[in-house]
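If you use mature numbering (1 follows the signal peptide of the UniProt record, and there is no 0), the sequence shown corresponds to residues -23 to -1, 1 to 1075, in order.
A hint or two may mislead.
Stated by the list, open to error - Each pair of labels, with its calculated beta carbon distance range:
1. L227 <-> E462: 51 to 61 Å
2. V449 <-> D490: 17 to 27 Å
3. I340 <-> V165: 20 to 30 Å
Said to hold, decoys possible - Below, computed lysine-lysine pairings styled on DSS-like, alpha-carbon distance capped at 25 Å:
4. K444 <-> K537
5. K68 <-> K86
6. K537 <-> K491
7. K653 <-> K688
8. K539 <-> K463
9. K716 <-> K671
10. K671 <-> K733
11. K420 <-> K396
12. K49 <-> K68
13. K164 <-> K68
14. K400 <-> K388
15. K489 <-> K463
Derived from the structure by calculation, the hints contain no laboratory data.
Cβ coordinates follow ideal geometry from the N, Cα and C atoms, glycine included.
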Amino acid sequence: MAQHLFPLFFIVWTSCLTTVNLAAVEVRFNLVEEQPPNYLVGSISTNSLPYLNVSELEIPKLRYSFITPSLKYQSMFSINDVAGNLYTAVKIDRETLCEYLSTCDLELKVAVKSETYFDIITVVVSIEDINDNAPYFSNNTVSLHISEGVSINSSFQIDSAIDLDTGGKNGIQSYTIIPQNGTFGLKVERGIDGSFIVSIIVMRYLDRETISSYQVIVQAWDGGNPPKSGTLVITIEVTDVNDNRPKFSLDTYNVTVSETVLPNSIILILSAVDLDAGDNGKVLYKIKDQQSGVDLIKSIFFVNSVTGEVSVKESLQYNRKQTYQFTVEAEDQGQPRLVTQAIVFVYVQDAGNNPPIVNVSFIDQGNTGFVYVNEAAPLQSFVAYISVVDGNLGDNGIVTCNISSNEFEIKSLANQGYKVVVKSPLDREVKDIYNISVSCTDKGQPPLTSSVNFMVRVTDANDNAPKFEQTVYTAEITEGNRPGEKILQVSASDRDFGNNAIVQYQLDGENKDKFSITINGVIQTLYVFDREVTPSVNVTILAIDMGIPALTGTAIVAIKVKDINDNAPIFSMPAFSFKVMENLPAGVYIGQLEASDADEGRNSNFTFSVRSQFLQFPFIVFGNGTILTNMELDREERDRYDFVVAVTDLGTPALSTTAKVMVTVTDDNDHNPVLKFPNSTNSYAAIFYPQDVKTVFERVIAYDEDEGENKTLVYSIISGDQLGIIEIEKYSGNLSFSKIVEIHANVHLELLIMVKDQGSPPRVSTAILYLDLLYNNVTALAAASADDGENKYVTISVVVVILTVALSAAIIGVIFFLKNMDKRKKIKRENNSTSSDSQYGFQNSSSDQYSSVEEELTSKGFTQRETLPKKKEVSFSLDTSLDSHPSELVVNMSKFTSIHADDKLRSNMMPICLDHYEKPVMENRPKQWLPSQVQQLQQHPEDSHSESSGETVTSDSGRGGSEEDVPSTSPSDDPQVYECMHLYGHVNKRPYNSVSFRADNSDSQQELPPPVPIRTYKQYSSFHGENSIADGDNGYMDLNKVSLQYQGYSTTFSGSYSPSQSYNQEPFLFRGRIKSQEDDDCSTTTSGSYTIQVEELL
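The whole structure should be built from the sequences, with the hints applied where relevant.
Written out as structure tokens, the structure is:
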């Protein structure tokens, strides 16, 4: 066999190991088994000569032969006696010679001889194994009986496989089981001797009512190339509990026998069936012990306990009794044993003549008294053979046979007896056992009849598909379920028997992966359902039997996914925006909220509401989402409402979502324009005239509390411009001169101003502006210059030289003054800065003082436009003592521009330029200016040197000014310079030493003269409006206390005044940085903190 299978894969290793000792020489050869006869094993001479004590001359004379013909292995080999080559004589099978041995060495004794030489060589042939034997089991099929109550992982050992090959990988290497991952598994272990121990493992719970038997295949594999395998088929019977009684095929058996019946003749076969399995279904027959005449019955009849055959123990001729009646029992072998009974009547017939002898035989010789017929057997299929023998002659030997069944018929075989065939279709599900009686009667007188009884057991054919109890199942599952949740249990039955009736369940269709079904038909979920995604799902279930071919029944499971409240209502948008006009009555429709809910039923119904913190708002939110007003709205009071609404469903628990609602109140033109200037309390302005054409000298200020076009204002002059020189800009309200006319005295105009909004219909407000055009001697100077042109340039030159000399002297004086002040300040600080401050009345302002002023401004309606970085702060206090002569003081705030006036007029102006970062915020702007004081503006040129306290350079004690304090352009060109305050006046030409300062040790205090009522003029525009200085009605200013605050500095001037008349004494406040009028002077800064001594000013 190996010669044909592996002719190219084996090589005989002729490498030999020769052992030399004092007694013998040993030669070893390796031989692969299954080589053909006359296969060269090796050369004995070649491998032994080096070890033989023989001369060269004797070598050609040497002859080789087996020395002992009776050796066990000698017949398997042959020797070429001259060459000394060893050959195989037969095909050698290693497994025959050395079964189960790891090595297979065959020892031969070879004689080497010549006429003068003789020696014995031991030749050892080692037989090498090939993979010429597949593993096999001692039995190809094995049956195991396992109780359905066995626990999981229980093991049942089976016989391991056998492989005659040995060594290397030719032996058994592994075991497998088919099917894998089924109800049973395989456990393979190694014993102490290295052999395999193989066991069947129960992997799942058994249920005999569901599956009563299993069949698995165990395969053993060797390690050859290719590997060989052996197969063991294991039939596993699941045993059951004993819950069914045996059942006889008939309750009463009738049999007629001749009195000449021979002993041990079978006269009847009892048949009972137990539906249980194993011992529970194993039926044994016997004659009932507890019955009348039981001893006689047992002496005449015998019942085979296994086959149920009833036979005669002795001849009936010696018994005169014609009828025998007795009870038989069928008993199973379960625990406890269950018994059923039947009655047998035996009629003994007189033997006056000889009836026919009838016998039945079957093709299956192992069957006695019964035959198996498949229900699918075609008509006329053979069932049994009936032989009839009648030794009588004539009519007494003519026999006619009949059968006692409509499903079978008997047909003659031409003097060869009869055959029983299938007459009509069989249906095991209707009837599975037939007791057939064949009666044969001769035609003698009287006719004699003999009968034979046998049983036909109808075996099952897989002709019924499993059938579900319902074709359509309905079920419900709640969304958000847990995987593994049971939905329902289905059941299908099969009318067939055995494997044909074992039903297995499967799922089919597109949704099969979302469910699982157990062997008991329990459908479970593998998927978490969301009703909003999958409201319903259908799955097809299959019931498949284990017949060949398998038949399948189907049903549909319609599953409805029940809703839970897992989705909150969602607004159609995150924020709603509505508009409604003001002044409409309550109940006006605002808008409609919209939302949706993905749930269903009550869970998808929802209602709208407003959050509790917004209930005070003038709106009603109805449950359907409609929003109405509950009161009349005023846009000027509030033009927008932002609130939060919620939508809540009616599920349990309720879920809600919120959204923002913005209601914009649109404007209704319900307000007249309001004039802030001119108005009933502030309607006067004065301006030097003439001015350049188109130069804005004043502005009409008005506002409207409406919005949009309703607050867009248009300005116009209705009347009062007798000169026809005033024009007003339509949208800004700026007043300017349209042309220049010549005047020679002050002119008083009363302009009727009208302000109209752009609403529909428009609303109008009017006011009168009292405007004085002040005659300015610039006109006279201009006229004089025109008359005396030849002296114009000389006058200008003289004025320039005088101003230059005066300015230079002032600068030099300031420099020396600052140096002396710095030195004294340092000395004073080193001694005691605190006592010095206290002595001379100076004090540092803190952040609290700054804050108090801020609060004071805020309380009076002023707002800081810009917060500037806080710098050093300086504070000083002084009392000025003046004589009783009246002093005149004029304050004017304006945007910083050049003054077209003569030097005499300019010398009387003392500007305080406010910081270009902030406009001044002041209180109590005077509303009147007496002409007598106006005239005095030109009477004191000697006061022109008092600007900025004489400080005209951008230096700080020689340390230089900061970059932010020095403007890059002149104030007249810088648009960021907002306001300048010009302080005009003189004090009776008194020198500085006439001013007295209050010291801490002074008890006396002189009072300033009473405040002088003054009019407020604006250089090119009067000061009024939101940033106006005075808000009082009398137009007077009290100089008791004037506070200055600017860029972190806080400076307080405190003086004592005796008020005369009923003047307003509210403080005069403003913020800013002090700047001079001229370009150079406005760049002057004073930084740091200084203590001014009294003696420094004297």
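Going through the hints against the structure:
1. L227 <-> E462: 51 to 61 Å: 53 Å, holds
2. V449 <-> D490: 17 to 27 Å: 21 Å, holds
3. I340 <-> V165: 20 to 30 Å: Given range 20 to 30 Å: violated, Cβ gap about 43 Å.
4. K444 <-> K537: 24 Å, holds
5. K68 <-> K86: Given that 25 Å is the threshold and the Cα spacing comes to 20 Å, the pair holds.
6. K537 <-> K491: Holds: K537 and K491 sit about 14 Å apart, inside 25 Å.
7. K653 <-> K688: Roughly 15 Å between the alpha carbons, so the hint for K653 and K688 holds.
8. K539 <-> K463: 15 Å, holds
9. K716 <-> K671: Holds, at about 8 Å.
10. K671 <-> K733: 23 Å, holds
11. K420 <-> K396: 21 Å, holds
12. K49 <-> K68: Cα-Cα ~15 Å, so holds.
13. K164 <-> K68: 39 Å, violated
14. K400 <-> K388: Between K400 and K388 the Cα gap is close to 11 Å, so the pair holds against 25 Å.
15. K489 <-> K463: Status holds; Cα separation ~15 Å.
Of the numbered hints listed earlier, those contradicted by the structure are 3 and 13.
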